[in-house]
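There are 2 protein chains.
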Amino acid sequence: MQCIEVLGKQEFSSEKMKKVSLFDTANLFCDLYCLRPGQSQKPHTHQGADKIYFVLQGKGTFVVGEEEKVLEAGEIVLAPSGAVHGVTNHTPQALNLLVVMAPNPNR
Amino acid sequence: MQCIEVLGKQEFSSEKMKKVSLFDTANLFCDLYCLRPGQSQKPHTHQGADKIYFVLQGKGTFVVGEEEKVLEAGEIVLAPSGAVHGVTNHTPQALNLLVVMAPNPNR
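Protein sequences, first through last, are from chains B and S. With our numbering applied, the first sequence covers 440 to 546. With our numbering applied, the second sequence covers 440 to 546.
Next comes chain B alone, as it looks inside the complex (with noise of 0.2 Å):
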């Protein structure tokens, strides 16, 4: 059975955010994203495929579209295909969030 203790996976990089896999298959995949302070995933756009943010840990200010908006542990946005998307670090505490994508633009 392919089960992760997710946070056990943190790893960070004093370069940029770092992105762990924790599933990757035929139709999605999984990531936990690790952003020190100050670390963002700049805005970006899929064509066809849908992204979830979920937050595990810490604060991030995320944009989808024209929207901007601070989101906390707890919390999920979806970022539809088409739409601009990105997440900043914008505290002094490590942001750990769960991500998955569907299709998965790896395969």
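In short, the hints are calculated from the structure, not lab data.
Pairs count within a copy or across copies, as identical chains cannot be separated in the list.
The calculated DSBU-like cross-link candidates involving lysine-lysine, where the alpha carbons are at most 35 Å apart (straight line), are:
(1) Lys455 - Lys481
(2) Lys481 - Lys448
(3) Lys508 - Lys481
(4) Lys458 - Lys448
Given the structure of chain B, go ahead and fit chain S onto it with the hints provided.
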């Protein structure tokens, strides 16, 4: 922006496990499953779709394929396409799960 405080959506039913839809897109669904003590999602199979369960609160006894394992808050498990999978709340506390499936069988 479609953002949700996930556990704020929890709902229970005395009849059976409650599924609360969070996102339902062309590519995936994302639900909150709420299980009272003793409730379960019976083992079943999907061909061509992968499901992820992330434990938000409580403990669940998961079956995937021929394995059974108790997972608790912060743990995630993959039920890949074709694998029998299900979950039971064998505890005296509520069990809340974040569930993502792709592709979306409702579409």
